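Turn these sequences into a full structure, and let the hints guide you.
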Amino acid sequence: MQWEASDLPFREHTLKRYTFHAAANAGPPILFFHATGYSALTYRTLFQKWADAGHDVHALDFLGHGQSSKSHAFSDWFFFRDQAVELIDAVVAETNRLPLLVGHSLGGASALLAARQRDVLGVTALDPVVLGPLSIQLTRFFDAPLAKVAERRRADFKDLQVVSRSYRRSPAFKRWDDRVFTDYLDSCFVKQGDGFTLALPPQIEARVFRSLKPGHWSHYRSLQHPLFIFITTGSDVCPVRSARALCSKHPLSEWKLHGSGSHFFPMEDPEQTAEEVLRFSRKLTGG
Numbered sequence: 003m004q005w006e007a008s009d010l011p012f013r014e015h016t017l018k019r020y021t022f023h024a025a026a027n028a029g030p031p032i033l034f035f036h037a038t039g040y041s042a043l044t045y046r047t048l049f050q051k052w053a054d055a056g057h058d059v060h061a062l063d064f065l066g067h068g069q070s071s072k073s074h075a076f077s078d079w080f081f082f083r084d085q086a087v088e089l090i091d092a093v094v095a096e097t098n099r100l101p102l103l104v105g106h107s108l109g110g111a112s113a114l115l116a117a118r119q120r121d122v123l124g125v126t127a128l129d130p131v132v133l134g135p136l137s138i139q140l141t142r143f144f145d146a147p148l149a150k151v152a153e154r155r156r157a158d159f160k161d162l163q164v165v166s167r168s169y170r171r172s173p174a175f176k177r178w179d180d181r182v183f184t185d186y187l188d189s190c191f192v193k194q195g196d197g198f199t200l201a202l203p204p205q206i207e208a209r210v211f212r213s214l215k216p217g218h219w220s221h222y223r224s225l226q227h228p229l230f231i232f233i234t235t236g237s238d239v240c241p242v243r244s245a246r247a248l249c250s251k252h253p254l255s256e257w258k259l260h261g262s263g264s265h266f267f268p269m270e271d272p273e274q275t276a277e278e279v280l281r282f283s284r285k286l287t288g289g
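Under the numbering used here, think of the first position of the sequence shown as 3, with each following residue one higher.
Careful: at least some of the hints might be erroneous.
Said to hold, decoys possible - Computed list of lysine-lysine pairs in BS3-like fashion (alpha-carbon distance at most 25 Å, straight line):
| id | residue 1 | residue 2 |
| --- | --- | --- |
| 1 | Lys160 | Lys150 |
| 2 | Lys150 | Lys72 |
| 3 | Lys258 | Lys285 |
| 4 | Lys150 | Lys251 |
| 5 | Lys176 | Lys150 |
| 6 | Lys193 | Lys72 |
| 7 | Lys51 | Lys285 |
| 8 | Lys258 | Lys51 |
| 9 | Lys160 | Lys176 |
| 10 | Lys51 | Lys176 |
| 11 | Lys251 | Lys215 |
| 12 | Lys215 | Lys72 |
| 13 | Lys285 | Lys251 |
| 14 | Lys176 | Lys258 |
| 15 | Lys193 | Lys160 |
| 16 | Lys160 | Lys72 |
Said to hold, decoys possible - Estimated spans, in silico, between C-beta atoms of each pair:
| id | residue 1 | residue 2 | range |
| --- | --- | --- | --- |
| 17 | Arg284 | Asp91 | 23 to 29 Å |
| 18 | Ala174 | Pro241 | 19 to 25 Å |
| 19 | Leu254 | Ser71 | 36 to 42 Å |
| 20 | Ala25 | Arg281 | 18 to 24 Å |
| 21 | Arg177 | Arg246 | 25 to 31 Å |
| 22 | Glu6 | Asp78 | 29 to 35 Å |
| 23 | Lys285 | Ser166 | 37 to 43 Å |
| 24 | Ala7 | Arg99 | 17 to 23 Å |
| 25 | Arg281 | Lys160 | 41 to 47 Å |
| 26 | Trp5 | Arg120 | 21 to 27 Å |
| 27 | Ser262 | Ser168 | 22 to 28 Å |
| 28 | Thr97 | Lys285 | 17 to 23 Å |
| 29 | Arg281 | Asp158 | 38 to 44 Å |
Simulated from the structure, these hints should not be mistaken for laboratory data.
These numbers come from a predicted model, not from an experiment.
Positions of the beta carbon are idealized from the N, C-alpha and C atoms, including for glycine.
Dropping the structure here:
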């Protein structure tokens, strides 16, 4: 799979953009948006599957993540929506084709918000953060527990072997596919001095979690595009009632449970995740 990295201007910042080329371009372009704390290249195993199936794949590192510029200057998730819109506009201008948006967690929420701003083929959201207003208010009242975890996160390491040993013992990473974990190490840590540091500073990660606002829900509910909401059983970020509500507006919309995975099932089970995205694409295109 051939791929290239380039810069995508966003306001006064620079986003790192990635393009993965299909050998034979048959399907619509897929635009992918990653979860908080990760990078576009973490999901490269999925991109390979989609490119092999005839889809050019376009992705970016959200501001603060991966190789993109760092900034604390945001107060809600519309900031990430606007970055998604920037990539949509660039790809549509280059290809003159409607893209299929795919996103995980923050990326899924951003893809849904962006679809309200632009015409797209559809959206596949992988365990997106689409909590209802009451749930978000409670999270804010208790000062976003994930933000507190992020602020305490260790950022600096002697080498990536130390990271690997430490993280692989963590429940969040224990079940990850080895290929995905390797891509995570390669793309979410940067060389600094004699060691490595997280590409996403913990203070910015904490700000992402604290910037989730109740007002986002009304934007999700008004979507008229075909949606595929793929969530994990007992999801903490997208309850079944939210998935059902999102999928009630369009006859081609659907939701599905991943029976065995955690919130990180795209990393744990990239094969099924990639295939479900392709299945939904075929449903939308008649392929």
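Hint by hint, here is what the structure shows:
1. Lys160 with Lys150: 24 Å, holds
2. Lys150 with Lys72: Holds: Lys150 and Lys72 sit about 20 Å apart, inside 25 Å.
3. Lys258 with Lys285: Holds: Lys258 and Lys285 sit about 15 Å apart, inside 25 Å.
4. Lys150 with Lys251: Violated: Lys150 and Lys251 sit about 36 Å apart, past 25 Å.
5. Lys176 with Lys150: With a Cα-Cα distance of about 22 Å, the restraint between Lys176 and Lys150 holds, given a limit of 25 Å.
6. Lys193 with Lys72: With a Cα-Cα distance of about 16 Å, the restraint between Lys193 and Lys72 holds, given a limit of 25 Å.
7. Lys51 with Lys285: 17 Å, holds
8. Lys258 with Lys51: 20 Å, holds
9. Lys160 with Lys176: 21 Å, holds
10. Lys51 with Lys176: With Cα atoms ~23 Å apart, Lys51 and Lys176 stay inside 25 Å; holds.
11. Lys251 with Lys215: 23 Å, holds
12. Lys215 with Lys72: 22 Å, holds
13. Lys285 with Lys251: Since the Cα atoms of Lys285 and Lys251 sit roughly 17 Å apart, the hinted pair holds (cutoff 25 Å).
14. Lys176 with Lys258: 24 Å, holds
15. Lys193 with Lys160: Given pair Lys193, Lys160 holds - Cα atoms ~10 Å apart, limit 25 Å.
16. Lys160 with Lys72: Holds, at about 23 Å.
17. Arg284 with Asp91: 23 to 29 Å: 26 Å, holds
18. Ala174 with Pro241: 19 to 25 Å: The hinted range 19 to 25 Å holds for Ala174 and Pro241, with Cβ atoms some 20 Å apart.
19. Leu254 with Ser71: 36 to 42 Å: Because 37 Å falls inside the window, the suggested range holds.
20. Ala25 with Arg281: 18 to 24 Å: Given range 18 to 24 Å: holds, Cβ gap about 20 Å.
21. Arg177 with Arg246: 25 to 31 Å: 27 Å, holds
22. Glu6 with Asp78: 29 to 35 Å: Given about 32 Å between the Cβ atoms, the range holds.
23. Lys285 with Ser166: 37 to 43 Å: Between Lys285 and Ser166, where Cβ atoms are some 38 Å apart, the hint holds.
24. Ala7 with Arg99: 17 to 23 Å: Given about 22 Å between the Cβ atoms, the range holds.
25. Arg281 with Lys160: 41 to 47 Å: 43 Å, holds
26. Trp5 with Arg120: 21 to 27 Å: Holds - the Cβ-Cβ distance for Trp5 and Arg120, about 24 Å, lies within 21 to 27 Å.
27. Ser262 with Ser168: 22 to 28 Å: Check passed, 25 Å falls within 22 to 28 Å.
28. Thr97 with Lys285: 17 to 23 Å: Check passed, 21 Å falls within 17 to 23 Å.
29. Arg281 with Asp158: 38 to 44 Å: 42 Å, holds
Against the hints set out earlier in the document, a violation occurs for number 4 only.
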